[in-house]
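Required output: the full structure, derived from the provided sequences and hints.
Read top to bottom, the protein sequences are chains A and B.
The first sequence begins at 49 in my numbering and counts up one residue at a time.
The second sequence begins at 7 in my numbering and counts up one residue at a time.
Hint data in this document are derived by calculation from the structure and do not stem from the laboratory.
Please note: incorrect hints may appear among the correct ones.
[As the list claims (entries may be wrong)] Straight-line distance between alpha carbons at most 30 angstroms, and here's what the computed DSS-like set of lysine-lysine pairs gives:
no.: 1; chain 1: A; residue 1: K263; chain 2: B; residue 2: K255
no.: 2; chain 1: B; residue 1: K350; chain 2: A; residue 2: K232
no.: 3; chain 1: B; residue 1: K244; chain 2: B; residue 2: K255
no.: 4; chain 1: A; residue 1: K263; chain 2: A; residue 2: K232
no.: 5; chain 1: B; residue 1: K218; chain 2: B; residue 2: K350
no.: 6; chain 1: A; residue 1: K289; chain 2: A; residue 2: K323
no.: 7; chain 1: A; residue 1: K323; chain 2: A; residue 2: K336
no.: 8; chain 1: B; residue 1: K69; chain 2: B; residue 2: K100
no.: 9; chain 1: A; residue 1: K263; chain 2: B; residue 2: K244
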Amino acid sequence: MSSDLQDQDFTDEVEHGEELWNPGHRACAGCGPALAMKYITEAAGPNTIVTNATGCMEVVSTPFPESSWGTSYIHNIFENAASVAAGVEAAYQSFDRRDPDHLDVSDEDDLNIIAIGGDGATADIGFRALSGMMERGHDVTYIMYDNEAYMNTGVQRSSQTPLGASTTTSPAGTESIGNDTNKKDMASIAADHGVEYVATASISNPHDFKQKVEKALEIDGPKFLHVYSPCPVGWSYESSKTVELAELAVETGLFPVFEMENGEITNVNKISDRKPVREWLETQGRFKHLFEGEEGEETIEALQEWIDGRAEDLGLDA
Amino acid sequence: MAKAEQNPSDEQEVMKGTSAVAKGVMAADPDVVSAYPITPQTGVVEKLSELVADGQLDSEFIKVDSEFNAASTCIGASAAGARAFSATSSQGLKLMSEPLFTAAGMRLPIVMAVANRSLSAPLSIWADHTDAFAERDGGMLQFHAEDVQEAIDHVLMGFRVAEQVNLPVLSNFDGFILTHVQEPADIPSEEEVSEFLPPRDPEFTLDPSDPKTMGAFARPEHWTETRYAIQEAMMESKDVWAQTVQEFKEVFGRDYTEYNGMLDTYHGDADYLLVALGSICGTIRGVIDEYRAEGVDVGLVRPRVHRPFPTEELREALGDAEAVGVLTKEMSPGYESALAGEIKGTLYHAENQPPIKSFVIGMAGRDVNAPEIGTMIEETMEASAPMTFEEQESWPQLREEILNGGDQ
Numbered sequence: 049m050s051s052d053l054q055d056q057d058f059t060d061e062v063e064h065g066e067e068l069w070n071p072g073h074r075a076c077a078g079c080g081p082a083l084a085m086k087y088i089t090e091a092a093g094p095n096t097i098v099t100n101a102t103g104c105m106e107v108v109s110t111p112f113p114e115s116s117w118g119t120s121y122i123h124n125i126f127e128n129a130a131s132v133a134a135g136v137e138a139a140y141q142s143f144d145r146r147d148p149d150h151l152d153v154s155d156e157d158d159l160n161i162i163a164i165g166g167d168g169a170t171a172d173i174g175f176r177a178l179s180g181m182m183e184r185g186h187d188v189t190y191i192m193y194d195n196e197a198y199m200n201t202g203v204q205r206s207s208q209t210p211l212g213a214s215t216t217t218s219p220a221g222t223e224s225i226g227n228d229t230n231k232k233d234m235a236s237i238a239a240d241h242g243v244e245y246v247a248t249a250s251i252s253n254p255h256d257f258k259q260k261v262e263k264a265l266e267i268d269g270p271k272f273l274h275v276y277s278p279c280p281v282g283w284s285y286e287s288s289k290t291v292e293l294a295e296l297a298v299e300t301g302l303f304p305v306f307e308m309e310n311g312e313i314t315n316v317n318k319i320s321d322r323k324p325v326r327e328w329l330e331t332q333g334r335f336k337h338l339f340e341g342e343e344g345e346e347t348i349e350a351l352q353e354w355i356d357g358r359a360e361d362l363g364l365d366a
Numbered sequence: 007m008a009k010a011e012q013n014p015s016d017e018q019e020v021m022k023g024t025s026a027v028a029k030g031v032m033a034a035d036p037d038v039v040s041a042y043p044i045t046p047q048t049g050v051v052e053k054l055s056e057l058v059a060d061g062q063l064d065s066e067f068i069k070v071d072s073e074f075n076a077a078s079t080c081i082g083a084s085a086a087g088a089r090a091f092s093a094t095s096s097q098g099l100k101l102m103s104e105p106l107f108t109a110a111g112m113r114l115p116i117v118m119a120v121a122n123r124s125l126s127a128p129l130s131i132w133a134d135h136t137d138a139f140a141e142r143d144g145g146m147l148q149f150h151a152e153d154v155q156e157a158i159d160h161v162l163m164g165f166r167v168a169e170q171v172n173l174p175v176l177s178n179f180d181g182f183i184l185t186h187v188q189e190p191a192d193i194p195s196e197e198e199v200s201e202f203l204p205p206r207d208p209e210f211t212l213d214p215s216d217p218k219t220m221g222a223f224a225r226p227e228h229w230t231e232t233r234y235a236i237q238e239a240m241m242e243s244k245d246v247w248a249q250t251v252q253e254f255k256e257v258f259g260r261d262y263t264e265y266n267g268m269l270d271t272y273h274g275d276a277d278y279l280l281v282a283l284g285s286i287c288g289t290i291r292g293v294i295d296e297y298r299a300e301g302v303d304v305g306l307v308r309p310r311v312h313r314p315f316p317t318e319e320l321r322e323a324l325g326d327a328e329a330v331g332v333l334t335k336e337m338s339p340g341y342e343s344a345l346a347g348e349i350k351g352t353l354y355h356a357e358n359q360p361p362i363k364s365f366v367i368g369m370a371g372r373d374v375n376a377p378e379i380g381t382m383i384e385e386t387m388e389a390s391a392p393m394t395f396e397e398q399e400s401w402p403q404l405r406e407e408i409l410n411g412g413d414q
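What follows is the structure, encoded as structure tokens:
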């Protein structure tokens, strides 16, 4: 793939005040999702309406009377970002047909409607809203930022929490190895809805992520992006390591980066010498119990097997 | 005054209540309609779908996956500046409850037709007001229609009020009794309505050329004021409602102006007054006629608006009564029926405080017949303060044999 984005450094180019995701938000140091928001707004530009689910990014970005959002922005509740976006889209369809002068939008055809939710808001409680939005074919780009738990409420497990992670609702203990399920495959679920463009990306590769946002926004109809966004607080690692850990998750194959178009995998970020997941697990406090006994070893093996299986399905190994 | 009179010059159509309401919605010309089927509201959704399919209604119709997302899509559409409509009943209204409370907080003037129905369990599809009362404290205006014409008119007036005070509206009409009845009604045309209800002109929208943050996170130092603002808007809506019924009368000829549109009375100066909401009032009027023919001075006070609560109007209407009987299709477990409790509260500051007896009746569609209403009139006439809890609230239709395990 090629894009003019690849040759530009947006971080230095944009002045504060002109940014659409502005500094001063309340995100923790080293917040992966906050980077995702920055990249989303840079790729989308000002002719954008963002609908946001309740969660980390909403809470840190909109402490009344302040807002980090330079785009039009609406938050409603935890589980309906996709539906609110669908309603916005329907309204603009209606204005476009019935009253083209309704609003002074520079070019309604280029209007970007983006719904953003965390993994809990998307894969769990907001799943019905997302499914309905995709199935009905609304022209909405849905972006799930995945930090692998309900971080905003204090690190409870979600259906994106990896096997073996200790969270406050899947704590490791004498009778528990931590979370006992693998990550739900949201990309395939989205593709099975007939969504034309589905992609995964990591905040460790902003150019790739922004290209995918741009590509998604060019397509009419629903699009689904899954962006991997580590959380230093929930994962228990040093805040300077966010990008490094996001990349390591890609390099181990725990988080495969790929595109699906019309239900087919069209582009896979191939990995040479895929690293064992153990290397990634060792970096985080939430997995430390896995290295303290036989059961932990079995869990690591089970997780590795699951990764290997997906890698094979995706053709991940170079 | 008798209930609102029809303008005799209007041509009336006979159609099912749900279809009539749908045609009223069409006349309001919403930009977006988003609704999910549920008995007994389904006919509204079906008729709206049909009107869109036939090109008679030029709205985006979102065929949503649930009532939860019917409300949620209406929130997105309304925030974008659209006139948005939905319809529901019972469990569907409960499923909408979370987004609807936020629609009030975000000051979005969505109008919803609610075909009132009981709430599970046990499962029942028939009419009472449990669903409407369960949403009482959200910040939605609530109207109760007595007949199909009023259900249509409340939707039109609802948009007009909602868009001035920026609050959502629940326009209630009784399930089956009004949704499935065939009644003659005047369906206003879009042209007629356009004079009364101009296109929506919102102050704030999701407009990328003028970016706004909507639905922010508020900490304790700001949140109280948002709730107070809802309270102010509710109170302001009383004046807006009064102007609205006045203009509605001028445009359409139907007169809802009694007590500023808040109350409708039938022999409202009687010594003994019944209070009730919605369709049962038709039956009550008939029974009142019979009792009055025998010299009993009995009348009816029907709140058309439940939120904002018609406090001053009820004080005036009920203050001189010898006794008041509240016939209500809801109850608040652990206390008393909410309507009776609210009326007692509103008369606390009144000079005269008539004894008030409440009757929980018509739950989940149980038929309320004329002799039963007669008995309630007689019991109201015998009411005197003070009353024990058992004396102040009665369940005249209760079938003791079922409680005792009989009549399976």
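Quiz item: Any of the earlier hints contradicted here, and which numbers?
Solution: Hints 1, 2, 5 and 9 are the ones this structure does not satisfy, whereas the remaining hints hold.
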